[in-house]
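So the sequences go chain by chain: V and E.
Under UniProt numbering, the residue at position 322 of the first sequence is numbered 322, and the numbers go up by one with no gaps.
Under UniProt numbering, the residue at position 161 of the second sequence is numbered 161, and the numbers go up by one with no gaps.
Hints listed in this document are in silico derivations from the structure and should not be mistaken for laboratory results.
Hints may be right or wrong, so weigh each one.
What the hints assert, rightly or not - Derived SDA-like pairs (lysine to any residue); straight-line CA-CA distance at most 20 Å:
#1 E:Lys41 - V:Ser148
#2 V:Lys341 - V:Asp149
#3 V:Lys134 - V:Ala122
#4 E:Lys41 - V:Asn257
#5 V:Lys263 - E:Thr65
#6 V:Lys263 - E:Arg140
#7 V:Lys281 - E:Ala138
#8 V:Lys173 - V:Ala278
#9 V:Lys194 - V:Ser148
#10 V:Lys88 - E:Ala47
#11 V:Lys145 - V:Ser400
#12 E:Lys55 - E:Thr65
#13 E:Lys55 - V:Gly442
#14 V:Lys196 - V:Leu307
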Amino acid sequence: MNINRRAFALLAAGGALALATACGGTSDPAASGSATEAATGPVTLNLWTWTGAPGGAAMQRAIDAYTKDHPNVTIKNTEIAQLDFKAKVPLALNAGEQIDVLAVQPNLFADQIKDQLLPVSAWEKDLPAGTMAKFQPLSLEQNKKLYSDGQLYSVPFGLSGSAVGFYNAALLKEVGVEPPQTFADMANLATVLKEKKPGVAVAVMPSGADSWFQDEFALTLVGQQDKDFFNNVRYNNGPWNTPSYVQGLTALQKIYNDGGLDKNLIDVDYAKAEETFATGKAAMIFNGTWDSVLLSPAYREANKIALTDVGALPVPAVGDPATRSLRSFLDVTMGVPKTAKYPKEAADFIAYITTGAGVDAWAKDLGLIPAVQGWNPPEGTLTSDAEKTGLKTIQDLIASPHGDRNNLSAFSAEVGKGVLKVIGGGNPTEAAQKMQDDLDSGKFS
Amino acid sequence: MRRTLKGEGRIAFLFLIPLFVMYAIYFGYSFWFLIRTSFTKVSISFANAVDVGWKNYRLLLEDETFIHAIRNNLLFAAASIAFALTLGFVIAVLLASGVGGRKLYYAIFLVPALTPIALVATVFGRMLQYQDGALNQAFRAVGLDGLAAHWLTEPGWAFAAVVGLFAYLIGLPIMYYTADLSTLRTDVLEAAVLEGAGPLHIMRTIIHPMMRSTHITVILALLLGSFRAFEVVLLSTGGGPDDTTEIVGTYTYRFVTSAGSTIGYASAASVLVLIVALLVSATQALIARPRRAPQERRSSRRTKDGGMSSRGAGAPASPSGQAAEKPDAERTSR
């Protein structure tokens with residue numbers, strides 16, 4: 001076949017153009033500068049989140065509110081199951097898929113994909129003035145810990161903490177007991193319930209097949225005696241089997257033996273624990289602050305939870321009530337990938353949902369505590385004193401934790417089993433040593 | 001017997017090529033990827049993998065929990081096989097013998113096997129909880145409070161509960177046996193009845209040996225299936241208490257879903273499990289290899305020369321089952 005020079009030149013030019021167009025799809029817009037200019041026509045932002053960050057319906061409310069004010073912008077939220085998110089996002093980014101706003105999981109994942117994210121410094125100028133100053137200082141500090149080079153590649157969205165307690169305020173009022181501050185109070189509550197409300201357990205928490213929460217609960221108790229314990233392990237390679245940890249396990253064992261917690265409920269999984277509390281079969285539930293949805297009357301009504309009033313409190317103290325606290329950390333952060341087509345619009349939307357008017361739209365569900373300073377739920381979200389005080393308690397606890405809830409999940413599950421063994425009568429020192437051996441093995445890091 | 005045509009093998013091979021290619025891509029690539037990943041320290045993003053040599057394998061082989069998990073896999077498989085070869089077999093024979101309400105019984109035994117295992121395991125887990133579990137509630141309702149136990153948190157009971165759950169899922173073996181029983185030669189059974197053999201005797205010395213190939217299928221299916229039965233444990237006991245019921249599936253799952261760089265470690269665990277499963281299959285295949293009697297081998301040689309095969313000639317059953325093999329048509333009907 002003969003191809004004349006003119007035809008060949010046209011083909012070559014066409015090929016080069018096609019190649020340039022294709023490459024342009026994955027180029028760094030911050031570097032080129034062209035894409036950072038505001039789009040004049042219709043804009044479609046692709047947002048990727050995982051389930052619970054903050055949840056499809058909650059995010060849609062924020063999207064609807066934003067697009068109402070920005071009629072040229074359409075936002076598509078791709079919500080992916082949490083476990084799949086870590087696998088799918090890197091693949092999509094490597095393939096050059098247009099993602100304009102990405103929810104970034106605040107764990108090892110963040111640092112692993114940082115090379116595919118625009119540094120915040122590249123789009124900070126597109127945020128409304130003073131946006132960065134609106135974040136809680138602690139949330140920005142925790143955000144920096146996510147990235148090995150000390151730069152910010154995402155901004156805080158929401159925080160959570162663990163462990164915390166929620167109580168059936170109406171039930172406690174009925175039996176004439178104040179919300180417990182110590183485990184001695186808990187044992188007293190158990191005695192009162194046995195007398196006045198037989199069949200109602202003092203407290204329930206995820207356990208059994210969801211033993212990871214036992215690790216969370218034990219660490220909360222340990223933090224009452226040794227505030228630096230977890231951060232020392234997590235960031236300084238500190239030991240796990242410290243005297244304070246063994247002391248925490250010993251205290252936990254004693255709490256169960258004294259009746260402050262019910263040994264008969266250590267086989268319930270997450271769902272059963274929720275069900276037990278929601279159906280009034282337990283006066284309290286211990287869980288993460290993500291369960292603060294229970295404070296919302298609207299949530300309880302929508303989910304047919306018959307509890308009329310719910311409050312929240314810190315995990316009771318083993319000794320001095322002043323030591324009560326929890327571990328908290330960022331739960332969701334928001335970044336702009338290099339594959340973003342509209343980084344400027346993405347930055348504006350991020351500001352709207354993290355520190356702007358969009359916060360109320362998603363945060364009124366109360367599952368995540370917003371990272372913006374001084375947030376209060378919209379009027380009417382909470383009605384009773386117990387609900388309002390409970391949310392304030394949770395916000396205060398998250399803002400001043402004793403350590404970061406920056407877990408290694410596989411290790412957490414392993415530790416949870418050890419904690420359950422101690423509750424069942426195992427030796428706390430031996431259990432702590434086994435956890436130390438597991439940690440030293442390197443298989444969990 | 002039809003003669004093999006010249007070049008027929010090559011044509012058959014050509015037709016098989018697409019299948020081989022598909023297998024090579026699907027399995028070959030998967031295995032290669034798994035093996036390659038097992039020598040690295042990497043997260044689920046598969047980015048920035050660090051080569052760690054044999055470290056993951058060394059850690060696994062030094063990990064008592066992993067060894068314990070493999071042992072549990074084999075123990076649960078053994079229990080499952082024991083139930084299938086005894087209870088499952090007897091149930092299948094009884095149902096095939098024409099008892100009344102057969103369809104109802106089939107439904108009762110087969111439905112668990114056809115129901116998603118995740119659902120069955122979750123319901124079992126709920127039923128066995130101490131406080132509100134149906135089993136303890138039932139004991140309390142009839143005044144047998146003393147029998148209420150911590151089924152999921154006492155190590156012995158938890159192990160027994162998982163064994164019970166495996167036993168509950170014997171519907172598939174029953175189905176295998178039922179299918180094979182329908183092809184069983186009735187003349188042998190009639191002869192036995194005429195000779196005065198009782199039902200138990202017939203079941204033990206005639207039917208059981210005649211179904212040797214089904215036993216092998218059942219054993220292999222349950223043995224290898226135990227390595228994939230991770231929902232059974234995850235959703236009932238979660239592997240606890242204290243690793244008592246841990247199996248390799250639940251063990252690996254924790255590392256796959258971890259936030260850390262543990263995918264290489266999980267891959268190494270999968271490779272080791274794959275090797276164990278292959279060894280089990282090879283051993284089982286060797287043990288279960290049909291051993292033909294000298295007389296039969298002579299007959300086979302005659303067959304090659306165009307004579308009649310002795311297999312399927314209705315040779316009397318023997319306890320070992322060697323001479324009780326069914327005709328090829330029957331054996332391949334499943």
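Checked hints:
{"no.": "1", "hint": "E:Lys41 - V:Ser148", "result": "17 Å, holds"}
{"no.": "2", "hint": "V:Lys341 - V:Asp149", "result": "25 Å, violated"}
{"no.": "3", "hint": "V:Lys134 - V:Ala122", "result": "19 Å, holds"}
{"no.": "4", "hint": "E:Lys41 - V:Asn257", "result": "42 Å, violated"}
{"no.": "5", "hint": "V:Lys263 - E:Thr65", "result": "25 Å, violated"}
{"no.": "6", "hint": "V:Lys263 - E:Arg140", "result": "18 Å, holds"}
{"no.": "7", "hint": "V:Lys281 - E:Ala138", "result": "19 Å, holds"}
{"no.": "8", "hint": "V:Lys173 - V:Ala278", "result": "17 Å, holds"}
{"no.": "9", "hint": "V:Lys194 - V:Ser148", "result": "53 Å, violated"}
{"no.": "10", "hint": "V:Lys88 - E:Ala47", "result": "12 Å, holds"}
{"no.": "11", "hint": "V:Lys145 - V:Ser400", "result": "17 Å, holds"}
{"no.": "12", "hint": "E:Lys55 - E:Thr65", "result": "17 Å, holds"}
{"no.": "13", "hint": "E:Lys55 - V:Gly442", "result": "10 Å, holds"}
{"no.": "14", "hint": "V:Lys196 - V:Leu307", "result": "18 Å, holds"}
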